[in-house]
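Read off the chains here:
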Amino acid sequence: MDVLALILVCPVAAVLAALIPSNRWRPWILPAAAVVHLSLVALILLSGGVGVKVKPGPTTRDGFVATTLVIPPHALVIPPHAGAPSVERVVPADTGGIVLSDWLGLDPPGRVVLLLVSMLFVACAFYTVGYLRDHMDHLNRVFCVCFLAFLGAMTLVICTNNLGLMWVAMEATTLSSAPLIYFKHTQTSIEATWKYLLLCSVGIALALLGSFFVAYAAILHGLTPSLKLADLLRQAPKMDKRWLEAGFVLLLVGYGTKMGLAPMHSWLPDAHGESPSPVSAMFSGALISTAFLMVMRSQHILYVAGDGAYASRLLILLGLLSMAFAAIFMVGQKDLKRMLAYSSVEHMGILALGLGVGGIALLGAMLHVLTNGFTKGSLFLSVGNIDRAYGSKTIPEVRGAVRRLPLSGMVFLLGFLAITGSPPFGPFISELIILYGTFMAERFLIAAIFLALLLVIFIGMGRTVLAATQGSVPASGRKSHFRDGLLSGLPVLACLLIVLLLGLYIPPPVWGLLHHAANYLEVKP
Amino acid sequence: MMIILNAILVLVILINLFALGTSRMKALIHAAAFQGVLLGFLPPLVVKDVGTVPLLMAVMTIVLKGIVIPNMLLKALRDAQVKREVEPLIGFMPSILLGAIATAVALALAGHLAPAHSPLGLLVIPTSISMLCTGFLLLTTRVKAVTQVIGFLLLENGIFVFGLLLLSAIPYLVELGVLLDLFVGIFVISIIIHHINRAFASQDTRRLSSLKG
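Those sequence lines, one after another, are chains A and B. The first sequence begins at 1 in the working numbering and counts up by one. The second sequence begins at 1 in the working numbering and counts up by one.
Among these hints, one or two may not hold up.
[To be verified] Listed below are several chain B residues computed to face chain A (Cβ distance under 10 Å; list not exhaustive):
| hint | residue |
| --- | --- |
| 1 | 6 |
| 2 | 30 |
| 3 | 46 |
| 4 | 110 |
| 5 | 169 |
| 6 | 173 |
| 7 | 177 |
| 8 | 188 |
| 9 | 196 |
| 10 | 202 |
| 11 | 205 |
| 12 | 207 |
These are calculated hints, taken from the structure and not from any lab test. Computed from a prediction, not measured in an experiment: that's the story for all the values here. A virtual CB, placed ideally from N, CA and C, is assigned to each residue, including glycine.
Modelling step: build the complete structure from the supplied sequences, incorporating the hints.
And the structure:
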């Protein structure tokens with residue numbers, strides 16, 4: 001029932017937003033819906049029990065273990081019986097012939113992503129209120145409705161257990177977010193919207209074909225075909241390997257497009273660069289993490305089928321390729337938002353790598369979903385403030401941001417340190433665990449390339465960020481009256497504080513959530 | 001039943017080749033509409049017991065793919081006053097040839113792809129692959145926005161045909177969702193095309209190239 005309520009929050013709020021006549025008060029529906037959404041998520045995660053309770057024993061110490069760099073392997077591997085308690089959360093309700101439990105269910109990796117999406121939306125929603133207040137000349141009805149529909153579609157992707165419905169919802173995220181990119185009605189934003197719509201729709205279409213291939217793999221061996229995740233996982237070992245592999249490739253290409261994995265990433269810098277900053281933050285933190293969830297689910301099917309090595313090779317290849325692409329385009333990048341967008345490509349690469357390597361690296365990847373998401377939130381929102389203050393998001397127009405906007409400029413600088421993996425922030429821990437896992441798996445070459453690329457990216461990104469934040473403010477940067485305020489500053493700060501918290505101390509419930517997710521993906525039901 | 005099914009599938013393949021060869025965009029849209037109508041007849045031919053829900057889905061497919069979506073595209077065409085596709089990256093004759101080769105290869109491999117005991121897969125899988133290739137060719141080698149959208153439409157049609165093999169596994173809610181997504185997708189895309197027209201005074205997607213690096 002909770003899950004159903006969670007899914008219904010957004011459509012209801014979207015209808016309300018469409019009905020509110022005042023352009024000034026309408027945006028407040030966003031934070032209201034966001035808070036309700038987050039409380040329901042908290043309720044579900046706490047009451048569900050699955051994935052929240054931490055087993056006593058060595059696992060509870062992991063939070064400290066990870067930070068003190070001594071990671072005993074046995075502490076990070078949960079005994080199999082602790083994992084994957086019940087795959088689907090049964091929702092005992094029956095309305096109008098459609099049994100809800102046939103459609104709704106929350107798997108452990110979904111819980112992690114759900115938490116991220118919901119929390120990030122709260123920050124973005126409050127920020128958006130201030131943002132839209134600065135853009136009163138634009139009618140914001142379409143924007144508010146689409147933003148809520150976008151959240152609703154992502155929630156549905158996470159909360160459904162049917163591969164077909166996941167696809168429908170994923171395509172809905174594309175369609176509902178396209179008008180968001182186009183909010184400013186400039187030529188460049190049309191271009192970005194067009195590329196986003198066409199590339200993602202085509203990419204996602206391949207994912208549908210991939211879902212069909214996977215289901216068809218069952219028919220070939222005389223099994224009953226199904227698109228339900230639980231059925232697929234149960235039948236996977238008996239399915240036809242060739243069709244399953246072909247299906248996985250299509251799913252990876254399809255959802256990988258949405259996730260921004262190179263070489264299918266070309267829509268991402270344009271869309272992230274041209275859309276309003278709160279939308280970029282949701283794209284970069286939430287949307288592509290949701291796409292990663294779909295890749296995780298696809299990989300899980302192949303893993304259960306006993307073909308995990310095949311998936312691993314592909315994921316590692318695409319992961320490293322994405323990092324390399326990002327490194328090339330980040331060096332000398334003048335546009336701050338495009339630089340952050342390439343950083344998203346990089347981090348999706350890191351996630352794919354972590355998933356591909358598996359084991360401890362997978363646990364790192366689960367943590368990285370959270371740390372990357374929140375860091376990207378703080379970065380995009382702070383760049384949004386810089387953009388509003390300077391009327392530009394490129395250097396050399398932007399200089400001395402720390403002086404011009406003490407809070408946002410500082411958060412941007414610290415966010416840069418965080419996202420490139422500097423202690424004491426969250427991404428440092430998650431990347432370290434991924435690296436540790438890669439060494440443990442004896443993939444030394446991959447670990448070496450991973451480290452080298454991280455270094456190149458640190459240097460490339462550092463040049464741009466330092467040029468933007470340090471130095472004196474140019475005369476053109478003083479024209480607008482924008483200052484850090486409550487609505488523009490607080491969400492930025494909150495995201496950074498969460499990132500800092502994740503770097504210093506991971507709360508045991510969160511740690512349990514991550515453990516169960518990583519463990520679930522490596523256990524055959 | 002199988003004869004009608006096969007006849008329709010052959011017709012669908014012919015439409016693909018026609019779509020690859022024509023430069024007149026109106027004809028292209030009509031071809032896509034005709035294909036959409038034909039597709040609507042397929043599911044009732046495949047399922048064993050035709051109930052009201054499958055019939056309703058068939059009618060919805062015909063209405064959306066055969067009438068509503070083509071009309072939206074025709075309107076986009078009228079707004080822009082474009083009649084012909086110009087300078088495709090791969091010419092019209094070579095496109096037909098590529099399409100024909102892809103279809104032939106798919107047909108030749110059909111025996112390997114489909115299980116021996118399923119007569120349905122023997123023609124459905126190659127048709128689907130042929131349609132996917134056609135869609136991709138149109139998407140990648142044509143420069144007008146509307147033509148690219150039709151490429152996307154044919155691609156979706158190809159997936160629809162593959163879905164015939166899984167009719168029992170795909171719940172109607174999902175099928176409905178896919179149709180709805182397609183409809184809303186084309187709707188949003190046609191709005192964006194309208195804005196492209198206004199902002200760039202052209203439908204040429206090659207002009208959309210200011211975002212780089």
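Against the structure, the hints come out as follows:
1. This hint is violated: residue 6 of chain B has a C-beta 20 Å from the nearest C-beta of chain A, more than the 10 Å allowed.
2. Look at residue 30 of chain B: its Cβ only gets to about 22 Å from chain A, farther than 10 Å, so that hint breaks.
3. Annotation: residue 46 of chain B was flagged as interfacial toward chain A, and the flag is violated, the nearest CB pair being 13 Å apart, outside 10 Å.
4. Hint status for residue 110 of chain B relative to chain A: violated, with the closest Cβ pair at about 14 Å, above 10 Å.
5. Among the interface hints, the one on residue 169 of chain B holds; its C-beta lies about 4 Å from the nearest C-beta in chain A, closer than the 10 Å criterion.
6. Using the Cβ-Cβ criterion of 10 Å, the hint placing residue 173 of chain B at the interface with chain A is satisfied: the shortest such distance is roughly 7 Å.
7. Because the beta carbon of residue 177 of chain B sits about 3 Å from the nearest beta carbon in chain A, less than 10 Å, this interface hint is met.
8. Interface hint status for residue 188 of chain B: upheld, as the beta-carbon distance to the closest one in chain A is roughly 5 Å, under 10 Å.
9. About 6 Å separates the beta-carbon of residue 196 of chain B from the nearest beta-carbon of chain A, less than 10 Å, and the hint is met.
10. Given hint, residue 202 of chain B at the interface with chain A, is violated; its Cβ is 12 Å from that chain's nearest Cβ, farther than 10 Å.
11. Interface hint at residue 205 of chain B: satisfied, since its Cβ lies 7 Å from the closest Cβ of chain A, which is below the 10 Å cut-off.
12. For residue 207 of chain B, the suggested interface contact is upheld, since its CB lies about 9 Å from the closest CB of chain A, less than 10 Å.
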